[in-house]
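Sequence order for the protein chains is A and B. If you count the first sequence from 1, position 368 lands on 368 in the UniProt record's numbering, and the numbers rise without skipping. If you count the second sequence from 1, position 101 lands on 101 in the UniProt record's numbering, and the numbers rise without skipping.
Honestly, the hints are just simulated from the structure, not real lab data. Positions of the beta carbon are idealized from the N, C-alpha and C atoms, including for glycine. Among the hints, erroneous ones may be present.
Claimed, not checked - Beta-carbon label-pair distances, calculated as ranges: (1) B:Glu708 x A:Gln449: 53 to 63 Å; (2) A:Arg92 x B:Ser59: 50 to 60 Å; (3) A:His335 x B:Trp261: 51 to 61 Å; (4) B:Gly16 x A:Ser164: 20 to 30 Å; (5) A:Val4 x B:Ser59: 48 to 58 Å.
What the hints assert, rightly or not - Which residues of chain A face chain B? A partial, calculated answer using Cβ under 7 Å: (6) Glu35; (7) Arg149; (8) Thr151; (9) Gly152; (10) Ile224; (11) Trp234; (12) Phe238; (13) Met239; (14) Gly243; (15) Asn291; (16) Gln354; (17) Lys380; (18) Glu383; (19) Asp385.
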Amino acid sequence: MVEVANAIRFLLNGEEISLTDVAPDLTLLDWLRLERRLRGSKEGCAEGDCGACTVLVGRLAGDEIIYDSVTACIRFVASLHGTHVVTIEHLRGENGALHPVQQAMVDHHGSQCGFCTPGFVMSLYGLWMRDPDPSRNAIEKALQGNLCRCTGYAPIIRAGQAISSYGQPQGDPLWAERIAVKDRIRAIHDGRRVEVGTGENRIIIPASLDDFAAFYAENPEARIVAGSTDVGLWVTKFMRRIGPVIFIGHLPELKRIAENDSEVRFYAGVTYSEALPVIQANFPQLGELWNRFAGEQVRNMGTIGGNIANGSPIGDTPPPFIALGAKLHLRRGEHRREIKLEDYFLAYGKQDRQPGEFVESITIPLLPAGETFATYKISKRREEDISALCGAFRVFVNDAGIVGMARIAFGGMAATPKRARAVEAALVGKPWTMDSVETVLPAFAEDYQPISDMRASAEYRLLAAQNLLKRFFLETQGQGERLKREVA
Amino acid sequence: MNKHEAPINLAVLHTGTRHDSGPKHVTGTAEYIDDMIEPVGTMHAYLGLSTRAHAEIVSMDFSAVRAAPGVIGVLTAEDIPGENDVSPSHKHDEPIFAVGKVQFWGQPVFAVIAETRDAARRAAQLAKIDYADLDWIADVRAAQAAGGRLVTEPLKLERGQVEAGLAAAPRRLQGAIAIGGQDHFYLEGQIAMAVPGEDEDVVIHSSTQHPSEVQLMVAAVLGIRHNAVTVNVRRMGGGFGGKETQGNLFAAVAALAAKKWNRACKIRPDRDDDMQSTGKRHDFVVDYDVGYDESGKILAVDAVYGTRAGFSSDLSGPVSDRALFHADNAYFYPAVRVRSEPLYTNTVSNTAFRGFGGPQGMMGAERWIEDIAYALGKDPLDIRKANFYGTDKDNVTPYHQVVEDNIVHRVVDELEASSDYQARRKAIIDFNKTSTVVKKGIALTPVKFGISFTATWYNQAGALVHVYKDGSIHLSHGGTEMGQGLYIKVAQVVADAFGVNLDNIKIMPTSTGKVPNTSATAASSGSDLNGMAAWDACEQIKARLLAHAAKLYQAEESDCHWVQGGMTIGREFVPFAELCASAYLNRVQLSAAGFYKTPKIHWDRATGKGHPFYYFAYGASVSEVSVDTLTGEYNVDRVDILHDVGKSLNPAIDIGQIEGGFIQGMGWLTSEELVWDDKGQLRTHAPSTYKIPLASDVPPVFNVKLAEWSVNREPTIGRSKAVGEPPFMLAISVVEALGMAVASVADYRVAPRLDTPVTPERVLMGVERMKREARG
């Protein structure tokens, strides 16, 4: 039996907060603005897309404290237990002067209406602390989750490039207080489960993975929330009551990544940002896709497990993972089972997950030698957009030039992420040529009857999916030019 | 300071002074309405919106709403003591709360007033409203097919013999272009807070570009006189036209509740409701018939600009008028007839948006230019040049105003050279011959934009300047700050007028109590009008101070000179503060109300003739793009801009307007797509589905320059030109560049004719069309 504490505790700027009465669906932004009267962080969209509410959340990662930019509008207060929340109000330079990030923004005319500006400052601040001399690419990536409607971004990018000429992170007050902050938040992680509230308002912050598994098996009606990048919108957009809630984003055991010669295993709580270096090293074909998921703040919150567990037909990890033959590890209490990822998605909104069962990890086999793999995302806007379609292709072509194996999977083409079995079957046994590709294209219509919606028409989806197979073929021949964005 | 020595000149006008709120923006201390400290007991309002595109309201049951926790009450049309109308056209066609029927999905039907915003928002979901559906009209083509009911009077501009010109033209083409609308996506949504006062008084804090109209609307809704309503605006978190009229309803609801319950009331819709229930840029379908000759010279144009006005008139009349005013862009038409059709549809009532119809007007012009170029197998730039307005002939517009300040030739020639357009175009054509998947395109398009409100009476402004005994200055004017830098520009004018430092000037929030009867901060006119009004106020005070100084020092007025920091009288230098202190002791008034009205302009809508624009602003851009012909995705690789702001009041602010305007225009024409479903509900109503440009959409090479040699030939403030709207239309070159890349698939023999926004889907479908054409 684990010991139980009854307060959500974290640091807000310089102050220690202890909350014993808090709703599970209270967002950090509402709490900051309405209860704490810290109104520098703004609500622009309440769905994690505009970044006007960006704050930093410092968390322990081993011996380090890492500050992630996050969108306060969809981050629940209860999920902050044992962290350090840093808002725009905490940013200050020496002797009350503007902080280097702020001074660079002012001097480069980086604000016009100013409403998005605190969020940009926080995103740039987070970037500067880990990369004081960022490339333009790095700045653009750090700002993917921040919308500005006035400036056209050009002056903000210029400001971002100039920050280090105003000051270095080592002189930053937050940098200086790191050791003390680390000690303070480490003290909060005392090995106890946290429980606050009752009934629908019950909040559970498990002490460990085992504690989580045991609790959830006994309380299957509870809602699991990791990054809250999806569930956050249920609250802010649809006003759904989500309690009781088990928050799991803090569990170190769910942040494990295990690599060996044949596969990589991600535990469910690994965020996109945490996974990035491992993805780049083991699945370089996924690097571009990975940088096009949402914006930086959402990548810092959203988890691999969540992207799969929620069963969305337009999640971007399932298509490539299915093509690679990923296995899903589900757990209920102490009972574990393993299924093929593709078998997890039963129908729209329906997954192969029993009450009390959760996604513990996913194993992705490395691409066997001699096989070719690629994945492509198509969206109306190149970055921070939900896919109109996302396709993953994997083939093995034997020495005779014949397709020995083909695995193709798409998101956005059906009610679930789905393999193109008719196309695969048509390809296998054929010579790997453009003629063959052209021949199998009609099979796409057997596999997929996509819908028309605000992201794309059915006609476009089908045509683009077919063309992506052509692209894949061309790339295997060293011919498929892809658009490249080249910035100085 | 040695009082006998004048300090160095610190003139700030024409310098890149930083935005006055910059330090507050970056520290999060700039206050927007939702950040203000609410009076004790502040209530919160939330709108209940219709869930039908067009329907009779059969019954409404609010019992569950009233019973919900925290609810204070419900407001419907029956609670309005004055008029249930916020129509800015005064056609009484825009109810605050729908009565009897709803006319679009998202129309306000009622409001819930509660102790918290959350309580009001949740309770608003509990209303039971029964509807009986009616037939509904979705868009321009559907409206035209249904008989073409208009929301306001159409306009016709005509000059020359159109039928004869078309008939006699050696070549002729017809076509149509559909031009999409645009959501403003101001980062700060609509918001208002009303604080009741004594008697009939109410103070409104509104995020509005038009405080005087909010004042008028609130007075009409409450049934009281204008002088009982004070509207204050410190700043907006973005406006772009979306807060010219769209704030009226929110202010009115807050005021209704505040007076009914005698408590302050704040209203702020969430982003989805904001996007569904407030107006947007008008989408248009332009049908055109153009006669031209073998050289590409246009001989006659006949075009109809149909637009989705929505369910009410709002500003659709002046917006569609301005589309016609820019149906020429920079081109002379020997014979022309253009007509507007502001069509009734069962969609939200469309409204002002940066450019105000001008961008759509220009898209039409550039489309037929492009069509002619592809028909003749020429570079569209050659067709443009062949049709530019002349300087001393061929310079009469379709509205019979003579273009007196034409500098389009120089702007385009300089940009063509500085961007290396010709060599790059040649290289792109070569590239496209060998590249199989990626195709490139390049285009140069010009902008000529008319400056002034076409409603002539709007072209006036007031300012109020107080100078205190210590020489500090209090500056108020009728313009509002939405990020465009108006406040700092006018402060620069005042600083230079008095020869004082900027930190001597306190910029006051805009208030109807300080400056009455103001015009909307719109039509790019903010600094032209308010800068001049403030200047006028300063000159009045300066004249009194000069007379006072001459008297005090027994000097001739001609021996008294304004210098930086004060005045010289003979060999004596008197610091400004000292001058003010002595003026007070000698009973000299140190306050003045300034006024300005734009000269020279007149306009007769009935005949379609006049001189509606004081002057024109010019610019040009070159865009280069790469297109993926397998998916339709594309990159904008490089953009070069040369833009005319006359003699810039603030080059840093102006560059910001150009960069920001271009990217916003690019969003309108590329990724920002409004999609309605088959029930008439807007499905792109949040940033998750409505995609404005990101930092990573900014062209990797983005060269933006001011035409530094340009000086307004009219005596505007500092000889500057307006800058808010004109750069928006520079983005049209992106569409043409995409068109060229698409057309390369059929060897540039077929006009690409891409509708906007040019999404990846439209590009890919364009490519498919070209493949079919190429096959024959």
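Hint check results:
1. B:Glu708 x A:Gln449: 53 to 63 Å: holds, 59 Å
2. A:Arg92 x B:Ser59: 50 to 60 Å: Hint holds: Cβ distance 57 Å, inside 50 to 60 Å.
3. A:His335 x B:Trp261: 51 to 61 Å: holds, 58 Å
4. B:Gly16 x A:Ser164: 20 to 30 Å: Holds, since Gly16 (chain B) and Ser164 (chain A) (Cβ atoms, about 23 Å apart) stay within the stated range.
5. A:Val4 x B:Ser59: 48 to 58 Å: Since the Cβ atoms of Val4 (chain A) and Ser59 (chain B) sit about 51 Å apart, the hinted range of 48 to 58 Å holds.
6. Glu35: violated, 12 Å
7. Arg149: Holds, because the Cβ-Cβ distance from Arg149 (chain A) to chain B comes to roughly 5 Å (cut-off 7 Å).
8. Thr151: At 5 Å from the nearest chain B Cβ, Thr151 (chain A) passes the 7 Å test, so the hint holds.
9. Gly152: The hint holds - Gly152 (chain A) has a Cβ within 7 Å of chain B, the shortest such distance being about 3 Å.
10. Ile224: violated, 22 Å
11. Trp234: violated, 13 Å
12. Phe238: At 10 Å from the nearest chain B Cβ, Phe238 (chain A) fails the 7 Å test, so the hint is violated.
13. Met239: holds, 6 Å
14. Gly243: At about 15 Å, which exceeds the 7 Å cut-off, the nearest Cβ of chain B leaves the hint on Gly243 (chain A) violated.
15. Asn291: Cβ of Asn291 (chain A) sits 10 Å from chain B, so the hint is violated.
16. Gln354: violated, 31 Å
17. Lys380: holds, 5 Å
18. Glu383: Where the cut-off is 7 Å and the nearest Cβ of chain B is about 5 Å from Glu383 (chain A), the hint holds.
19. Asp385: holds, 6 Å
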